[in-house]
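Asks: The lines below spell out each chain.
There are 4 protein chains.
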Amino acid sequence: MAGNTFGTYFRITTWGESHGKALGVVIDGCPAGLSLCEADIQAFLDRRKPGQTRYATPRKEADEVNILSGVFEGRTTGTPICLMVPNTSQRSGDYSEIASYYRPGHADYTFDAKYGFRDYRGGGRSSGRETIGRVAAGAVASLILKELGISICAYTKSIGPVSISMDRFQPELLGQTPTGMPDAESSAQAEAYLEECMQNHNSAGGVVECVVDGVPAGIGEPVFDKLDACLAKAIMSVGAVKAVEIGDGCSVSTAAGTENNDAFYMENGQIAKKTNHAGGILGGISDGSRIVLRAHIKPTPSVFSEQETVNKNGEDILIHIKGRHDPVIVPRAVVVVESMTALTLVDLLFAGMPSRMDGIKKFYGK
Amino acid sequence: MAGNTFGTYFRITTWGESHGKALGVVIDGCPAGLSLCEADIQAFLDRRKPGQTRYATPRKEADEVNILSGVFEGRTTGTPICLMVPNTSQRSGDYSEIASYYRPGHADYTFDAKYGFRDYRGGGRSSGRETIGRVAAGAVASLILKELGISICAYTKSIGPVSISMDRFQPELLGQTPTGMPDAESSAQAEAYLEECMQNHNSAGGVVECVVDGVPAGIGEPVFDKLDACLAKAIMSVGAVKAVEIGDGCSVSTAAGTENNDAFYMENGQIAKKTNHAGGILGGISDGSRIVLRAHIKPTPSVFSEQETVNKNGEDILIHIKGRHDPVIVPRAVVVVESMTALTLVDLLFAGMPSRMDGIKKFYGK
Amino acid sequence: MAGNTFGTYFRITTWGESHGKALGVVIDGCPAGLSLCEADIQAFLDRRKPGQTRYATPRKEADEVNILSGVFEGRTTGTPICLMVPNTSQRSGDYSEIASYYRPGHADYTFDAKYGFRDYRGGGRSSGRETIGRVAAGAVASLILKELGISICAYTKSIGPVSISMDRFQPELLGQTPTGMPDAESSAQAEAYLEECMQNHNSAGGVVECVVDGVPAGIGEPVFDKLDACLAKAIMSVGAVKAVEIGDGCSVSTAAGTENNDAFYMENGQIAKKTNHAGGILGGISDGSRIVLRAHIKPTPSVFSEQETVNKNGEDILIHIKGRHDPVIVPRAVVVVESMTALTLVDLLFAGMPSRMDGIKKFYGK
Amino acid sequence: MAGNTFGTYFRITTWGESHGKALGVVIDGCPAGLSLCEADIQAFLDRRKPGQTRYATPRKEADEVNILSGVFEGRTTGTPICLMVPNTSQRSGDYSEIASYYRPGHADYTFDAKYGFRDYRGGGRSSGRETIGRVAAGAVASLILKELGISICAYTKSIGPVSISMDRFQPELLGQTPTGMPDAESSAQAEAYLEECMQNHNSAGGVVECVVDGVPAGIGEPVFDKLDACLAKAIMSVGAVKAVEIGDGCSVSTAAGTENNDAFYMENGQIAKKTNHAGGILGGISDGSRIVLRAHIKPTPSVFSEQETVNKNGEDILIHIKGRHDPVIVPRAVVVVESMTALTLVDLLFAGMPSRMDGIKKFYGK
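Protein sequence lines, in the order shown, are assigned to chains E, H, W and X. Each residue of the first sequence is one higher than the last, beginning at 0 in numbering that gives the first Met the number 0. Each residue of the second sequence is one higher than the last, beginning at 0 in numbering that gives the first Met the number 0. Each residue of the third sequence is one higher than the last, beginning at 0 in numbering that gives the first Met the number 0. Each residue of the fourth sequence is one higher than the last, beginning at 0 in numbering that gives the first Met the number 0.
Read the hints as simulated data drawn from the structure, not as lab findings. Treat the hints with care, as some may be off.
One copy or two, either will do: identical chains are not told apart, so a pair holds if it fits within one copy or between any two.
To be verified - Computed list of lysine-lysine pairs in DSS-like fashion (alpha-carbon distance at most 27 Å, straight line):
| # | residue 1 | residue 2 |
| --- | --- | --- |
| 1 | Lys273 | Lys360 |
| 2 | Lys311 | Lys360 |
| 3 | Lys321 | Lys360 |
| 4 | Lys145 | Lys321 |
| 5 | Lys311 | Lys48 |
| 6 | Lys361 | Lys311 |
| 7 | Lys145 | Lys361 |
| 8 | Lys365 | Lys311 |
As the structure is a computational prediction, the values presented were derived from the model and not from experiment.
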């Protein structure tokens, strides 16, 4: 089935394999009149580009984006925007061995089970490079949000056992540390932890947190296309994510009702909340306060230790994975989580336009 | 926008408010030839029916299902199945007060923000009664899964601070304890905790776990309609759920790669896994092992303590909620989580049929 | 697959069989705040009700609509609207014979081929009664259009060889003649033709034309969800329709380019067209002028002459259809074509709201 | 809204403007294991390529296709297939004049009305070059149909007043005449008519007919996603099509029921029909006989005669269109109609797989 499309009104379809000719995305439903150039998108792609720190694969990929359609004289035309990133660093040879066996923690086996065979080069479609299309589209979604006064910010909340302290949160460090942590002290600790992982031929996971300010109350479409439900799908669809939390998330299950309820009060003539355990969403609809979500990301499955597995002949074997792999993918996943959040919000902002008869009449001048 | 539909190939659309004439669901895409009668569905609905334990609202609702279409001579015809449950216990008077203010933790404010007004009786569409349509459809999905040799089982994993022990898991207690816990000792502890909550005019949350056996490897549609992504949306769309975990869930973020990878090995000529940290899903596709997910559910927001909030005139007020409310909704949510899981699986099982050219040719006799 | 849903933003799902308990529709995506009561819908349903003229089946069906959800205190709430029409005149006995053979021109054989068996009573889901859900939803769509200053009008253009003359078009006769023709002279001729058909145990077809005024320029979503493409699907999905024309339709194929082009000119400061061969649609987008379409409807397949066919045992047989059948369905199809047109327009009007960045910013107050 | 996607199971999204960097399509839902190479697609594209006859624009466009993803070692992988055709012959200068006014019969005005501005070069997205994506995807769909024993054949049925005679139908002439007519005598007459049109600075329309053999009975999803409804949308979405007919089409409206019904009979143990007025579709479902449809295509709106229109300043003006334009687009539309038919059929063949419980069980080995 067709499963590579996300969104209904602002709809993206991503395509491309790790070692194919190119990867990219088609954005359908982007409104006309948005200023857009390649540099806008490149800035986002550069945030996920490998080879920038010690903790990311040393592959050098230019990952340069081309706008193939949908933009004319610097503005979107309302027609589909095709964004393409050619693949340039394809050392297929490195991967030939994995054609014959199933790496633990990877999708090799499940792709074979589903499709009968797979493009094994660099993981093919299940590679982290698949996120290029998501991030390129996320850049466009973020520009739309900006026009609507909405700002998104994602960062590494934890790597392995090391969590940032919200007291030490330094906005100016966003995107500046090799760990993605906006807290210099925690970031240094996390780096030490990663060094240890690398020495042990091991890998680490972590948590990405994303906060969104400026979303008006009323966004989300109950009962299935709720804002939190759509965000959960968006975030869980990112490879390696195994849990998604909204607001207080898992900890609500042990809280008492009196603690967990957020009291409303009036502030400057506006309805506000004294706390935000709900993470900005009530009944699947935004309540006007900050939206907060977290993605829990597993450790990179490509570890350099010896592992047990089976090959395509159905034999138990021992393997040693080679190649170029990130000891942790969390820092590079930050912009992916931010992109998926942006894409979800734009789709639901558009979806919400025909919610009320009075708004529709006004829109059409009646 | 239209947000009340779930699924693409096995597609349900739920409708109805807490105190309207009826609630129900239309199932479109149910294959022809499935044996189906009202008793099959009633059995599921009875599992979510209120008034059965001390820890559920004492409202007495018959919640009797009618099959209005799509079934002929005891079998589904392939045409839409409309299931209707008339509302019979509608004490609207109890709710008239809430028309004027916004209950903390409820969707009163966000519905008003979105739609301009709301059916305030019993929470209207944001009531837990909305799940009637989900569960009725879930009953049908479960019958389909059964025909395919797939079994689902959900249960309460924890209430407040009390968690079941997997060592004491008693399958014969499934659905038999007032807490939904299949562990007599933990269930008794949880009951004691709930008594305390009730005395304190407070409420409790908890965790529902769902496990699925028999799903063949290969189900799920990367990269957005992954099995885990679709499950996350399905489960997060249930009111009061604030986090969803797959397999080891949140704990993967602190695990090392060597621990978290599940080694493959051959068992009786089949590929198997030594562990199941992944919860049966790799790269968004089922791997043939047990699927495991958890939903974290917040405490019932309707607590009988005094609460601060605002009214529709924009005034800060104190309120005391009355009416009939569950001190914990976790036990009644078990069948809802199970239903949403079943609905997701059937949709993706159908979606997966045209994945391979050889399978399609065989299906069409070529 | 699920094929009983029409529309994306304003989405209807119809359900029900000719002789089941009830038929109906769920409307999802109806904006909040529209005044709606059962009488609004009943007026539309009464236009398709049988038993009203000599040329419609003498079955007496009350076809009374119930609003089961989505309306509170006389206004839509933004939640799904379930409309139900109970079946009351179910003489199943009349149809028992057709269980064993395939009526020519009907869907008996194709339903069996697809689903393995069928609800044969009155044609089951392939009965003309299926249109009840379409018309009930069409009534709601028409109310929305009215609020936006858009008016739809459909009528019988021809029955068999008798066509109305546009010179004699009498708006006050709309819906007043037994033929659905707003031209007294042609209607009388068509009645004479139908009498002849009935005497010959035969049946007639015809053409329904639908015109829409007040649609703003800019509606339709190229390149696949064009306004004309969506209308074509909507109209062709009505049972018995075998051709759909937009504007000059088939006759464009023999026209010269200079004839067929509609010249633009300025009229009172607005762009207007000197002719309307295009039927109000250019490049799949409304151009602000009158939208014109036609549906070509086949003669009722249930004729009372002897017919050759086969039975389920694979034997050639001769049959004589009994029961209550319309000698022509065109007059009753008028409101169905009008409904499908209304549903398509509302969906695309809503779809068009997020087309331009400036419109979105203004909508969200930025 | 996003309107550039066609299909649900086999889903294509086209992108690109006439004078942008490239045009193309992403195919999502193509099953794994189909043999596919660029030559397969090029063969289809060459059938729509301009510059091949006197009656097509003399622009020379290579229109060479690149497969950017979804194919590995000569077979489809089940992941999205992105096909790109770079634009090489972009004489934008020719079109600069049309930026300021609205050509009659074109989408210039409606695109401006919808989006606020447009890529005016060569018609931008409303150019006939948009069909490149449709045809490239149609080539893939046709390969799938071939594997299932289904063959499609489209041809020019008429140009202006000249229609082919089915008695003189010469299959070996398919695609061999400059008119697309598989009848040498009619083709010569049509050429004479086109010469006359060109001398008069005028243009011609015509009819494309498409027939499909080998579709099993049972394809189509009532009541909205009927086979004929989906075909009608597919065909009407092609620029310049103003009417769609199935089987006898418009002429059913004047036929008598006894004539129009197709009698069933047994032939070699199979159910067959003595006639095929229905065009192979009953109740929206294929009946196993030949599917027949026709598209009525308007004359090219770019005529070289003087025309009245308005400019963007709201002034009445006279224009003389220059540039390179086809005097008739019917011959080049043949492969587009064939492609849209193939795309619709593949989508519905896949959609039909989960129609019956017994088929699903067998598919999953239960």
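Asks: All the hints need checking, so say for each whether the structure fits it.
Replies: We went through each hint and held it up to the structure:
Taking the closest pair of Cα atoms, Lys273 and Lys360 never come within 27 Å of each other, the shortest separation being 35 Å inside a single copy and 29 Å across copies. For the identical chains of this complex, Lys311 and Lys360 are inter-copy neighbours only, at 25 Å across copies versus 62 Å inside a copy, given an alpha-carbon limit of 27 Å. Taking the shortest alpha-carbon separations for Lys321 and Lys360, neither the intra-copy value of 62 Å nor the inter-copy value of 39 Å comes in at or below 27 Å. Within a single copy, Lys145 and Lys321 get their C-alpha atoms no closer than 42 Å, and across copies no closer than 42 Å, so neither meets the 27 Å cut-off.
For the identical chains of this complex, Lys311 and Lys48 are neighbours neither inside a copy (33 Å) nor across copies (45 Å), given an alpha-carbon limit of 27 Å. For a Cα distance limit of 27 Å, the shortest separation of Lys361 from Lys311 across copies, 24 Å, qualifies, whereas the shortest one inside one copy, 63 Å, does not. In this homomeric assembly, Lys145 and Lys361 come within 27 Å of each other (Cα to Cα) both inside a single copy, at 24 Å, and across copies, at 14 Å. In this assembly of identical chains, Lys365 and Lys311 lie within 27 Å of each other by CA distance solely across copies; the values are 25 Å between and 66 Å within a copy.
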